[in-house]
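Let the hints inform the model, and build the full structure from the sequences given.
Letter by letter, the chains look like this.
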Amino acid sequence: MDGIRLKSVSARFRHQVKGDIAAVRDVSLDVAPGELMTLLGPSGCGKTTTLRMIAGFQEPSGGEIFIGDRDVTQTEANERNIGFVFQNYALFPHLSVFENVAYGLTVKRMDGGDIARAVTDVLALVGLASYERQMPHQLSGGEQQRVALARAIVIKPRVLLFDEPLSNLDAKLRTQMRGEIRDLQRRLGITTVYVTHDQEEAMAISDRIAVMNRGLIEQLGTAEELYRLPASVFVARFIGRSNLVEALVTAVSPDRVDLTIAGQPHAVEGAGANVNTGQTVLANVRPEAIAIGAPGNGLAGRVKSRTYLGEKMEYEVEVAGQTVQIVRFNPPPSERFAPGDAVSVRLPHEGVQLLAKEGT
Amino acid sequence: MTGAARPRLVRDPALLVTVTVLWVLLALFVIYPLLMLGGTAFFEEGRPALGPLLGVLQKPGTQRAFVNSLLLGTLVGTIGTALGFLFAFTVSRANLPSGWVRVIDAMTLLPLISPPFTTSIAFIFSFGPRGLITYELFGMRGTNVYGLPSTLAAEVLTYFPIAYLALRPVLAAIGGNLEEMAFSLGSSRFNVFKTVTLRLALPGLANAFLLLFAASLADFATPLILAGNSFPVLPTEAYLQITGLFDLKGGAAMSLLLLVPAALVYFVQRTWVERGHYVTISGKAGPQSTIRSVTPAMRWALILVCLAVALFIAYLYALLLHASLVVAFGANHTWTLAHYHVIFTEGRKAIVDTMTIALIGMPLGGFYGVLTGYLVARKEFAGRRTMEVVSMINYALPGTIVGIAYLIAFNDPPIALTGTALIIIACYVFRYSPTGIRTTVALLHQIDKSLEEASKSLGARSVTTFRRITLPLVMPAFFAGVGVVFIRSMTAISATIFLVSIGWTLITVRILENMTELSLGPAAAFSVFVIVIVMAVTTCVNALLRRLPAAAAEQAQWGVGGG
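Those protein sequences? They're chains A and B, same order as listed. When we follow this note's numbering, the leftmost residue of the first sequence carries the number 1, and every step to the right adds one. When we follow this note's numbering, the leftmost residue of the second sequence carries the number 1, and every step to the right adds one.
Treat the hints as calculated values from the structure; they're not laboratory data. Hints are supplied without guarantee of correctness; some may be wrong.
Result set (PhoX-like, lysine-lysine): computed pairs, CA atoms no more than 25 Å apart in a straight line [said to hold, decoys possible]: (1) Lys249/B - Lys59/B; (2) Lys449/B - Lys379/B; (3) Lys449/B - Lys18/A; (4) Lys59/B - Lys108/A; (5) Lys156/A - Lys108/A; (6) Lys18/A - Lys379/B; (7) Lys108/A - Lys449/B; (8) Lys156/A - Lys249/B; (9) Lys312/A - Lys172/A.
Next up, the structure:
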């Protein structure tokens, strides 16, 4: 089993209008053997460029790429032995399902009988056993994606690369397919890099996630680490929803930080790593961690909007000029704060991240 | 050192080989002849000399031919564009039944696929000294059909379909919805036409004018038949300079004179027209509600004018067919197949030669077009843009220049090809395959790059990817390229008139000889024969294109250029 290693890889382009732009800047990354690593970020963050450089579709303008022990920086894509699944599936429109899946094997001049057996097996694996003679345009989007997946894994690649494979599918199918991809990847134990801009998809599928922004990896970790301990405002905003409440640090002790939020004192536990007394910071509080109640106990606020979503209720509350999002799961029927109502908002003392203010 | 240091070409030997071979061919059949042409015109005994060039320029005949060429081109451009616009406007705005549109399309396509003389010959049958209209109908004696008016009329009828084809999508893209919006804002019909339709179509009109101007400038056949002594133009003068006076240097210089307006047109097209395209496809087509851009009376007027022109074209072709089937048109109208007998006996060699050359040129041209288009559109290598431009040169130049350049370049060692079929085939392939190149590029823009990347990721080398994925998908472009090379091989003359020999001759050249010998019957029979063959092949290629898979839905465009 091979891992993937990127050593300060960068990609620079010459854009006709914008001039020189760096799509990827000195990115280093270690994907462990058998791991599913997701590159997550908004469009233009460099995640797809990074993936394409791993595949060999694009040449890095600097740095080195290893698959296993082998330096593949100079290797053409067709000699890297990778499986690549494209956003638009990229099935060959003039070839049948069988011929599409068999393509990589015929290119390797494998024996005809072996090819037929391998194709039949892999089609059964992705649940398309009787589809061999169909043409791509006769298939639904989900079926096409399965063919693309079968075509990528039948060649027994050393690594599997996914470029936003589910973004052309509807929401339900997307959830189902990501489960199947995850199962298959575990079963085959194949090192995988998966690119998506959908944080929920990333959290559901990945062993680890690399959050990318402007050509850099902002933070690398498991879904839980990223959600609980975002290292930057960008990550806090990108992974889940977050309230970034302005706070003034009044005292720092080893296991506790005293803050002033909207004129009221508030203490949080164990978050004092990088803050100093007198500094203005952003306190990252997740919407579901905030309590809302009748006026009195807590920060005074006024309800701006209320959205009923079945299993949960979402409020937007204005507190000292800032809008705070609050999510209440399974709220009691008696709890009915309407827009315009005065309420009190209570912030938690645990699980609050203090982040330095940045440009964005 | 990292990846960027090692160029792609070195790592992809197949690409390296292909690019090298293509460059050698382009150097040999595009660059080298033009250099030799320039050398002949600008050098004397190895030294730069402007003497011969100035000598030719100072001749009053040359100056008159230059002025005449520009005048003719301007008139053909103006009138042809107007007529093309009229047709395009009628088809897109007059709510014609689809059957009528098909008739108009067929009538306008006819001149495009005919040998270049056809209209001219029919003009002589109609308006000549023994013409159906001039002699039979009005009893005029000793009419002189030759000169500017008839040349102009024949060229307009031959080339206005180019303007029609260029303007139709433009008018369709402007669409009735935009016009309807202007109506709803209270504008009058004429105002809408003036401020919306015409204004938006302006870049398209300019483009159509330039296309026709270039086509007329390069046209050799029509003026040769119809212009006569009173109205010399550059292509015919250059031809007579070489074949009549054996003055290669003078001919070369004269043909280069043709380059001045041709280059100007190219430059204007590139910088001005292409930049100024207002009409963009607006994603959402929207339902085309009943278009009320024209009043009912206007609608009938438009239809009548179009029908009249279409009928006149039909009349000319009927005349040609008739002339090929009677003993002597204008004198003895007894039915006979004698002219067809002549072309299949005496003319047999021309037919066999032409077909042989066309059949060899077809696959070569088709493959060359697809390969070059693929490299230019998909591969990264040094000189890619240059290759694209160079591959278009012979297509863009007037045929007279290309013909004379080939004549000079391949007449003597080191590369003596005069008298062979190869020189004619090479001329056709490099002059008419650019249509295939452009169709391939257009098609490849629609085929997602990820298909080739998918093939690559599955372990296929670039040659395998091209053969098994790209080639099947660009088949329509291949067939379009093949079709154009075939049609042009059957109908072209302006360049190849300089390249025929005793060993290898062409139908079009035989038609010209027949015309000068005044054996009009065989000339008509040859023309009918060519039209029938070309129509048959066109139909076959179109049928083939329709049967290709969905990716090929984009109907490949048929190239139209000067004969």
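Hint-by-hint comparison with the structure:
1. Lys249/B - Lys59/B: 14 Å, holds
2. Lys449/B - Lys379/B: 11 Å, holds
3. Lys449/B - Lys18/A: 23 Å, holds
4. Lys59/B - Lys108/A: 70 Å, violated
5. Lys156/A - Lys108/A: Holds - the C-alpha atoms of Lys108/A and Lys156/A are around 12 Å apart, at most 25 Å.
6. Lys18/A - Lys379/B: Satisfied, since the Cα-Cα distance of roughly 23 Å is no more than 25 Å.
7. Lys108/A - Lys449/B: 22 Å, holds
8. Lys156/A - Lys249/B: 68 Å, violated
9. Lys312/A - Lys172/A: Within the cut-off at roughly 20 Å; holds.
The structure does not agree with the numbered hints 4 and 8 stated previously, though it agrees with the rest.
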